[in-house]
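Asks: Based on the provided sequences and hints, a complete structural model is requested.
There are 2 protein chains.
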Amino acid sequence: MKSLLIGGEWRQAQNPAGAFRAINPATGEAGDDVYPISSTADVEAALDAAHGSIPGLIKTPPESLADFLDLFASKILERNEELVETAHRETALPEEPRLRLTELPRTTDQLHQAASAVRDRSWCRATIDTRLNIRSKYGALGGPVAVFGPNNFPFAFNSAGGGDFAAAIAAGNPVIAKANPGHPGTTRIFAEIAHAGLIKCGLPPATVQLIYHLRPEDGFKLVSHPRLGATAFTGSRPAGLRLKQAADLGGRPIYLEMSSVNPIFILPGAAKEKTEKIASELFHSCEMSAGQFCTKPGLVVVLRDESGEAFIESARRNFRPSPSGFLLGPNALEGIKKTLEIMTRSGAEILTGGIPLEGPGFRFANTLLRVSGDAFIKKAEDMQREAFGPVSLVVSARDVEQLLDIAKALDGTLTVSVYASGADDALYARLEPILRFKAGRLLNDKMPTGVAVTPAMVHGGPFPATGHPGFTSVGIPGSMLRFTALHGYDNVRQDRLPPELRDKNPTGSMWRLIDGSWTQKDI
Amino acid sequence: MKSLLIGGEWRQAQNPAGAFRAINPATGEAGDDVYPISSTADVEAALDAAHGSIPGLIKTPPESLADFLDLFASKILERNEELVETAHRETALPEEPRLRLTELPRTTDQLHQAASAVRDRSWCRATIDTRLNIRSKYGALGGPVAVFGPNNFPFAFNSAGGGDFAAAIAAGNPVIAKANPGHPGTTRIFAEIAHAGLIKCGLPPATVQLIYHLRPEDGFKLVSHPRLGATAFTGSRPAGLRLKQAADLGGRPIYLEMSSVNPIFILPGAAKEKTEKIASELFHSCEMSAGQFCTKPGLVVVLRDESGEAFIESARRNFRPSPSGFLLGPNALEGIKKTLEIMTRSGAEILTGGIPLEGPGFRFANTLLRVSGDAFIKKAEDMQREAFGPVSLVVSARDVEQLLDIAKALDGTLTVSVYASGADDALYARLEPILRFKAGRLLNDKMPTGVAVTPAMVHGGPFPATGHPGFTSVGIPGSMLRFTALHGYDNVRQDRLPPELRDKNPTGSMWRLIDGSWTQKDI
Chain A
1 MKSLLIGGEW RQAQNPAGAF RAINPATGEA GDDVYPISST ADVEAALDAA HGSIPGLIKT
61 PPESLADFLD LFASKILERN EELVETAHRE TALPEEPRLR LTELPRTTDQ LHQAASAVRD
121 RSWCRATIDT RLNIRSKYGA LGGPVAVFGP NNFPFAFNSA GGGDFAAAIA AGNPVIAKAN
181 PGHPGTTRIF AEIAHAGLIK CGLPPATVQL IYHLRPEDGF KLVSHPRLGA TAFTGSRPAG
241 LRLKQAADLG GRPIYLEMSS VNPIFILPGA AKEKTEKIAS ELFHSCEMSA GQFCTKPGLV
301 VVLRDESGEA FIESARRNFR PSPSGFLLGP NALEGIKKTL EIMTRSGAEI LTGGIPLEGP
361 GFRFANTLLR VSGDAFIKKA EDMQREAFGP VSLVVSARDV EQLLDIAKAL DGTLTVSVYA
421 SGADDALYAR LEPILRFKAG RLLNDKMPTG VAVTPAMVHG GPFPATGHPG FTSVGIPGSM
481 LRFTALHGYD NVRQDRLPPE LRDKNPTGSM WRLIDGSWTQ KDI
Chain B
1 MKSLLIGGEW RQAQNPAGAF RAINPATGEA GDDVYPISST ADVEAALDAA HGSIPGLIKT
61 PPESLADFLD LFASKILERN EELVETAHRE TALPEEPRLR LTELPRTTDQ LHQAASAVRD
121 RSWCRATIDT RLNIRSKYGA LGGPVAVFGP NNFPFAFNSA GGGDFAAAIA AGNPVIAKAN
181 PGHPGTTRIF AEIAHAGLIK CGLPPATVQL IYHLRPEDGF KLVSHPRLGA TAFTGSRPAG
241 LRLKQAADLG GRPIYLEMSS VNPIFILPGA AKEKTEKIAS ELFHSCEMSA GQFCTKPGLV
301 VVLRDESGEA FIESARRNFR PSPSGFLLGP NALEGIKKTL EIMTRSGAEI LTGGIPLEGP
361 GFRFANTLLR VSGDAFIKKA EDMQREAFGP VSLVVSARDV EQLLDIAKAL DGTLTVSVYA
421 SGADDALYAR LEPILRFKAG RLLNDKMPTG VAVTPAMVHG GPFPATGHPG FTSVGIPGSM
481 LRFTALHGYD NVRQDRLPPE LRDKNPTGSM WRLIDGSWTQ KDI
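Line order of the protein sequences matches chains A and B.
Residues in the first sequence are numbered from 1 upward in steps of one, following our numbering.
Residues in the second sequence are numbered from 1 upward in steps of one, following our numbering.
Treat the hints as calculated values from the structure; they're not laboratory data.
It cannot be assumed that every hint is accurate.
Pairs of lysine-lysine residues, derived as BS3-like cross-links and limited to a Cα-Cα distance of at most 27 Å, are as follows [to be verified]: (1) B:K378 / B:K338; (2) B:K59 / B:K75; (3) B:K408 / B:K338; (4) B:K521 / A:K521; (5) A:K446 / A:K277; (6) B:K272 / B:K221; (7) A:K337 / A:K379; (8) A:K337 / A:K378; (9) A:K2 / A:K221; (10) B:K379 / A:K504; (11) A:K504 / A:K521; (12) A:K504 / B:K446; (13) A:K200 / A:K75; (14) A:K379 / B:K221; (15) A:K221 / B:K379; (16) A:K221 / B:K378; (17) B:K504 / B:K521; (18) A:K408 / A:K378; (19) A:K200 / A:K59; (20) A:K521 / B:K504; (21) A:K408 / B:K221; (22) B:K408 / A:K221; (23) A:K408 / A:K379; (24) B:K338 / B:K379; (25) B:K221 / A:K378; (26) A:K408 / B:K59; (27) A:K2 / A:K75; (28) A:K446 / A:K408; (29) A:K59 / B:K408; (30) B:K408 / B:K379; (31) B:K272 / B:K408; (32) A:K446 / B:K504; (33) A:K272 / A:K408.
Replies: In structure tokens form, the structure reads like this:
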């Protein structure tokens, strides 16, 4: 059985609760490697070791932490062929362009951005009141961050090397990576690279630990543990809600991304002017990676008029060709089938697709559905279930008032896009104040897939898309703030303050809010 | 029965679940006025009206919102005699200096600071990536904030005019004030002033609403309601934990302050050099307002050596004189008695006090206890119960190692203070990394009572002192961030962006983070 990384050592699971193999979604066959399902003993050992690493992490100079992140990124590139081959086998995501040319560079770029943020130090938002000698900044949590990565981004959201990992480490926390059981081998390679990098850079070896799988009850134990700092989870809504409940009861912060339908509103002017263009953009946004993006547009709202009908017809033509790519596993197939059943039972009509494709592997036909605005509003919850695959539902609104009612009936979601021409200005002005509170990111004339890693990015949103509307999981340094506590210092002597809060600016270029003004100067 | 403020109108409760009167803690007698305990109907009506106010609030220029906050503050001053007299009757807190000279000016100052933050606009942390045209800022929640104020600050944390109120309104949210049932008359006056101010400034009248009391089940309904934006609660831990559970299950953010013991570590050098001074500071910090501050030092840790014993003896002499001030009600008396029972059963010894004082009203003798480090560590949870009154527990640590173990056994708390002389530097260096993760605010050579309203203040801390370690409830604009969502704009046209995110700086002085630099300039 494959070993875990606990306390800086590769060791066998203690009293494992079971074992599993990764499934190749392109063939449905299990891989050769056997991975343990951990039990409480491994969770406790990881928590102990993580706490053992904290005194060392506190003393680690930011430069060493940044060096580690940069080194990690460069060593990932050195093993890039092995990573791409392994991830392709475990996820069936295309090697090119997806894994090799898109996701891997994005992953190393995130790590380099995190390294820059650590060196720059402005992320901690040092705030100083010189008159009262009261100072504050964001700092590490004092406990490890458990990262539960999703199945759909084996690199960029990998629990041992993706965005949550980078943010948690950059904020000074140890990480307990809980691999996604869909790609344990990929995650193991990341952990190997990280482990070697920690030793090379002189960081505490237990800064990064790896567990492959947990029974649900042990997952609840981990996320609610009094010694845990926080949890990051990206995955399904049912699993996320159960973890949230456990973490909340234990008083442990948990940041969740729990599925999202990412509605697209196509206002009549735009529908008329750009029918074909928008229909084609919609299809590509839905079909990319077989629709398995958290930002896939799963809902499209148009008016039931001539241009709306023309749009639906154009979209239907776009969706018709199959096969699409592979789904990430048999659960995905079952999930889509169940969602389509619920939608059609509640009044949606399948325009194209709607069936699984013949094997080997797990594939589903590109699927477009339509439903009337009346039926949508009547069963708004059913109609907003996420179908995690190449599926989208078009809602045809009776009139402008109903289109606004549909907007009002939306649940919290990660993104919402509005396509509008100049002729749509008046309607946009009525729609925007409703949509603004439904999503983290509001887009104009653009599909939501493609989440740029920039400080201004918001990849978050109101419940139930996430667990808290005030955070983003993409965009450095913003994403780091999830894994911090606010640390105040009142009347603390200069030599006892962290360097970021002393009178002298520690880098000469760090931004600090001193007596109400942002400045790079010393006091 | 006194009327509620719902939807901009003073109206009778619908199907009230009961009625209550405020008790004067100095006499134990009930007041003349009868207030309703609201039922679900009032909660639903308030939520409806609050949502009705949101379109108007969105359109309100920041200048008008700021004018309202300033006007509110000035009108509070005009009714200051009535407020002081009513609050004194309802809480028995001294008219002077406490209510008239300390708390009221602090309250109006908070409102003026909130007004300045609204005018300045920098609070929203506008972040712009000019190359990708991706922009973000913090914005209102899109639902009302329910404010549950505590009994111990009838002005500064009043649900209809205190710090949480000011922060929620300044961030652009309507407020549903749930009065503390200890001071409904005081809260009513605040709501009257706010109501008149809203009308004068042209703000939606349902921006501020008032309910006096709720059955627990209706409180849970309110904080977990899908249409609620967030909750702010300051009060007891049992009530806070129950509200937290309800809010968490509903996916609604809740910010809680749920009691804190605020440990004081007196290192041997300081204990020796400043025995009398620190003992006197401790007593005054514990005795002020009868020990009913969230930052009252309820735990003191010293070494069991000559200077430690001298300190305990000096503290005992300081605590001996009674009577102290009035407690806020009969529950407070019962709470202290119960806590002392638990502490003494677990090995603490009462050095002075320990008994309620004769009536009229509710008073408890100034009380100092001591316990050995061994007993503390054995029963760390019992020893960290908050006794909300003039009570403090001194822990006498066998040696330096045990003192560090005591630090490790601490629960999350709002503040922790360390008194240390130059001779204590080595011990401070070992102690600080432990304490840093236990509290929001770390103080040197200073008692924690007295929470300055400055942007650098941290009045927060790890669970169970609060519900989340990353926020502060005091300090503007930081406290506003609790009541915001992160709003991203991707490819949105200039004229559709909020003014804070357009190329032109809306005030000419607002701070924005543009392409990685904080600046007041236009793009």
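Asks: Look at each hint and say if it fits the structure.
Replies: So, going through the hints one by one against the coordinates:
no. : hint            : verdict
1   : B:K378 / B:K338 : 19 Å, holds
2   : B:K59 / B:K75   : 25 Å, holds
3   : B:K408 / B:K338 : 26 Å, holds
4   : B:K521 / A:K521 : 18 Å, holds
5   : A:K446 / A:K277 : 11 Å, holds
6   : B:K272 / B:K221 : 54 Å, violated
7   : A:K337 / A:K379 : 18 Å, holds
8   : A:K337 / A:K378 : 21 Å, holds
9   : A:K2 / A:K221   : 23 Å, holds
10  : B:K379 / A:K504 : 44 Å, violated
11  : A:K504 / A:K521 : 8 Å, holds
12  : A:K504 / B:K446 : 24 Å, holds
13  : A:K200 / A:K75  : 12 Å, holds
14  : A:K379 / B:K221 : 23 Å, holds
15  : A:K221 / B:K379 : 23 Å, holds
16  : A:K221 / B:K378 : 24 Å, holds
17  : B:K504 / B:K521 : 8 Å, holds
18  : A:K408 / A:K378 : 13 Å, holds
19  : A:K200 / A:K59  : 16 Å, holds
20  : A:K521 / B:K504 : 26 Å, holds
21  : A:K408 / B:K221 : 21 Å, holds
22  : B:K408 / A:K221 : 21 Å, holds
23  : A:K408 / A:K379 : 13 Å, holds
24  : B:K338 / B:K379 : 16 Å, holds
25  : B:K221 / A:K378 : 24 Å, holds
26  : A:K408 / B:K59  : 18 Å, holds
27  : A:K2 / A:K75    : 22 Å, holds
28  : A:K446 / A:K408 : 21 Å, holds
29  : A:K59 / B:K408  : 18 Å, holds
30  : B:K408 / B:K379 : 13 Å, holds
31  : B:K272 / B:K408 : 24 Å, holds
32  : A:K446 / B:K504 : 24 Å, holds
33  : A:K272 / A:K408 : 24 Å, holds
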